[in-house]
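*Asks:* Chain residues, written in single-letter form:
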Amino acid sequence: MKWMVPINDLDAVQMRAIESIIDNQDRNHWVKGFAGSGKTVVLTHVLERLATSDQPIRVCFATFTHALKDLVESGLSDIAKKRIDISTFNGLKNLRNDYDLVVADEMQDIPSRQLPILAKKSDVLVIAADFDQSIYRSACSTAELNAAVKPAKEHQLREIHRINDNIFEIATSVYTDAYIVSQTTVRQDEEQARIYTAVSARDEFTTMYQEALRVSAKERPSAILLPSKALLDKFIAIIASENSYSGTPPSVKNDDRPEIGGPADPFKEINSYLKKNRSNLQVFGGGSGSLYDSDTKKMVYLMTYHSAKGLDFANVFLPHLTSDVSLEPMKGSSDDQERRIFFVASTRARERLYLSYHDEPHRFIEEIPEELLQTFHKQKRNY
Amino acid sequence: MSEPAIKQTLIALNSTEWLNLCARGSIRIVKRRAIAVPTNATTKDLDKVFVVAPFTKVSSAVDLFVLEVPNNWTKTASKHRSMPSEVSILNLADVVSHHPVSQAHFEHYKNKGLSCGVDLQEAKFEQAWLSWTMSETVKDALRSVELLQKSLGIKSLSEIKRPDRYKWEDLVRLALRPNDPIKPKPAHVETLISGIRKLADAVAGSTDSESFYLACAIEWVDLRLKKDPMKKKSTRELLNNTLGKLKDVPLAEPSSETIAALKHLSDSFPKAFTEEISALSIAHAVRFVTAARSKRLKPEIAIQMFNSIEKSSSTSVLLSFLLAVSLDVELTNQFIRASTKQDFAEMNWDLPN
Chain X
13 MKWMVPINDL DAVQMRAIES IIDNQDRNHW VKGFAGSGKT VVLTHVLERL
63 ATSDQPIRVC FATFTHALKD LVESGLSDIA KKRIDISTFN GLKNLRNDYD
113 LVVADEMQDI PSRQLPILAK KSDVLVIAAD FDQSIYRSAC STAELNAAVK
163 PAKEHQLREI HRINDNIFEI ATSVYTDAYI VSQTTVRQDE EQARIYTAVS
213 ARDEFTTMYQ EALRVSAKER PSAILLPSKA LLDKFIAIIA SENSYSGTPP
263 SVKNDDRPEI GGPADPFKEI NSYLKKNRSN LQVFGGGSGS LYDSDTKKMV
313 YLMTYHSAKG LDFANVFLPH LTSDVSLEPM KGSSDDQERR IFFVASTRAR
363 ERLYLSYHDE PHRFIEEIPE ELLQTFHKQK RNY
Chain S
602 MSEPAIKQTL IALNSTEWLN LCARGSIRIV KRRAIAVPTN ATTKDLDKVF
652 VVAPFTKVSS AVDLFVLEVP NNWTKTASKH RSMPSEVSIL NLADVVSHHP
702 VSQAHFEHYK NKGLSCGVDL QEAKFEQAWL SWTMSETVKD ALRSVELLQK
752 SLGIKSLSEI KRPDRYKWED LVRLALRPND PIKPKPAHVE TLISGIRKLA
802 DAVAGSTDSE SFYLACAIEW VDLRLKKDPM KKKSTRELLN NTLGKLKDVP
852 LAEPSSETIA ALKHLSDSFP KAFTEEISAL SIAHAVRFVT AARSKRLKPE
902 IAIQMFNSIE KSSSTSVLLS FLLAVSLDVE LTNQFIRAST KQDFAEMNWD
952 LPN
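Those protein sequences? They're chains X and S, same order as listed. Here our numbering is used: position 6 in the first sequence is 18, and no number is missing along the way. Here our numbering is used: position 188 in the second sequence is 789, and no number is missing along the way.
In short, the hints are calculated from the structure, not lab data. Keep in mind that a hint or two might mislead.
[Stated by the list, open to error] Quick list of simulated restraints, FRET-style, between CB atoms: (1) X:Glu378 / S:Ala637: 45 to 53 Å; (2) S:Gly718 / X:Ala131: 44 to 52 Å; (3) S:His709 / X:Met27: 42 to 50 Å; (4) X:Asn36 / S:Ser856: 36 to 44 Å.
Even for Gly, the Cβ is constructed at its ideal location relative to N, Cα and C.
So that you can see chain S by itself, here it is in the shape it has in the complex:
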């Protein structure tokens, strides 16, 4: 029989609770927030501590502390008289050690703690916290993608079986942290998500003209195939000719001239495109993601673009995925409300934390 693991009992508090505990010497707390985990707790073990912490938005600036209390605390703690079976009193004296979840929090609260006689300890749960917040953020993002796809009448992620090896969760991680590659052998979708900023940079001067569609597709061929699509004389002439004509045309829905040039590019470089990444979708992806990241997305334009795409296609699934992940869950909800009511003035980018 293996030795039972040595346990520690941990409670996660938000900064308001922790500051009150320091200032008043005690706070009321629901007993089940005290979680026993092994002393060599894994990230998964610590998830149980974080999941019962009192906050509603993982990405918000709510500061969190993990307190270690004696293992018998749930039995010995004083009960609150109105709900003795549920609510206990956590006294400052009960706490064995106080750990902020990040080093930044440590620096910020060190002096506040000292002024109340509390010596903050190292932020030893930081890695577990980061891992937990990332996994919760991914779950949130996928929920918002599903909501957006439902509202736009687009196939949902669960209905799409990816032909490559990627899971949608991996792609969310990549979209949120483009500098952390998710697989050693990049496929089209990975190149697109991690290369959006590069593409946006290359076509920066064309964002307000119709040449934007073609510019994005040209840069995409270069990025994906590492080939200069303008190298061949006939292609160069056709593309330059079209780019010249479209340079002063304001960006709107793609004209027949744009569509024809994009088709020429797709036919000339078939390996650069897939069912979900068409020549036209590159521009949409670049526009959506950069606009969402820089808080300049206009719902009416996004809706207009979705309407121009075949809704049952894989392209629309990927675009809605990228849009929802870039917007984050609250803004996706706003976007859905704005598009449902056709009241496009409603987007408010300044969200409460």
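Extracted from the complex, chain X is given alone in its bound form:
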């Protein structure tokens, strides 16, 4: 999956941030920015520069999920990969404690208990964190993170590269507390998010899957995001029955627990079932599934909202936004947390965003101004 932005294509603020971090390796840095402003891109360029300089230093990179770890690794040169230790936050405890510098992404979601472990690794931290994208209840507080990296030189990114103005408006109309710095710029194009009102869950899942498959292309995969693993099971069961897949689909093992580190391939069985049935669908998350499969064929990735953290896809589908669904499967979630989850999910879309529901719409759909959404109509032909 080609995601890494070449150094020449970075915006001026991103370039300044990289130069400043490279020139000041003895102090903490905090890269800030809206979803899609390129924080991970900046960190990856920093890692590359640190690892390939004439006097390479001992560097470690840590992030939240296996998928993000793999993504950053794929953006590095072979030399850099060899020289940098790359880990999830969970795996940090197994690494040495004498790094010259630790680079850490998605720090808004690092659990409080892991902050002391991280602190032991090095005296210097270069982090990226945006608390608007914090979706785990175990995550550390703003105060805790501030204390962990204080004092840090801040680098505020201002250009939103991933999403267009329509998705920006949708995301911020649901999560109105999103922090938008002055002079933020966002891409403007004609693309508008679609909304589909289905007659049933079967109609909804089938229609959205067909559309996800139709609009996906090599290197431009679709992702279908659902709030819980129970819904992943339901989705797969419907698609398997509609497409007459042979055999009964194995369960994705619904334990209603978002994947943090976790087993290396929790969806092995279901993915092997889908592969046997020559499906373009793949369950992604917790180390399962490969984004690189979309380099060679049309792919539709199915995952929980939490598994989509930090990633982006050409087409993003958020089905099952019905009134009785909570976007946070864990009990006792707050309205604010649900809004942040929707914010994170909707800002994963590089090109197209689809929302759908059956029965009564989720309150978030009702809060989105009508003019931001267009009604989804099925295309007559499929190429």
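Place chain S on chain X using the hints.
*Replies:* For chain S alone, coordinates are given in the frame of chain X:
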């Protein structure tokens, strides 16, 4: 004899100038930027105020203010000692009223103004500002089209007399604002420009395969003639057969099979195509415009496509027009530089405002 119109004197300032004026109480300003216009000024009258405002790029995020000063300000204002005939001092106390050019600017600067004792007034020039920026944007776009056509060795717009009633200016407006129809009776070119997104959506899954050329042409026939080109059995079989074969062929220059299928489509639905909108050009137009709008255009691919088109044809004129308008003037310049030097890694989509 008619009564002389009552005049007002207006000065357009950018946000840096305005903030300095508020903070320091005065700024230096070239006298001729104060323009006298009737109190019931038309959009055309106000053009004179905007045209002398200090910015270089109309579409940039530069915030603008229109200040009303006394009609005798140019005579009474203090002169700058080094260039008294040219430069005057605009004092905050001279200003009768401050108007941001848009309501959004009003919201943004209201508190900043209040902190300096300035009460911002309504954005009463917003319509005139929008009209002026649109007309300047159209002029910019046409300039970039001419530049691109010159660099590609394609006939320029001025050499092409359109057989329909459209002016190129109208088509630029349509390309920039596809939801504002420009004429009540749409012709081919209007349908194409306003329907590009619809076409791109319909063929979304074929963008990386050679079936893209045929898919675009099929959807175009449906869009333009409101007829399903796959309705007739013989045509359906031929097109489906070709689409099936091309589905896994990576998108490159059209093969003879694609050309033959496109010809079949043109012959079967001659009313769907014109001299400038050929069956092949639909795919090029969709690809160029969507790639430019989503910042994914690769110059080498665009050049390759232009090379596959007869350069003296009306098709190449329309395609270069669509490309330049979608890219905007700075990116068209980059595109020209990249294609001239054959250094295709140069496109930088992140432009300074």
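*Asks:* Check the structure against each numbered hint from earlier and tell me which ones fail, lowest number first.
*Replies:* 3 and 4
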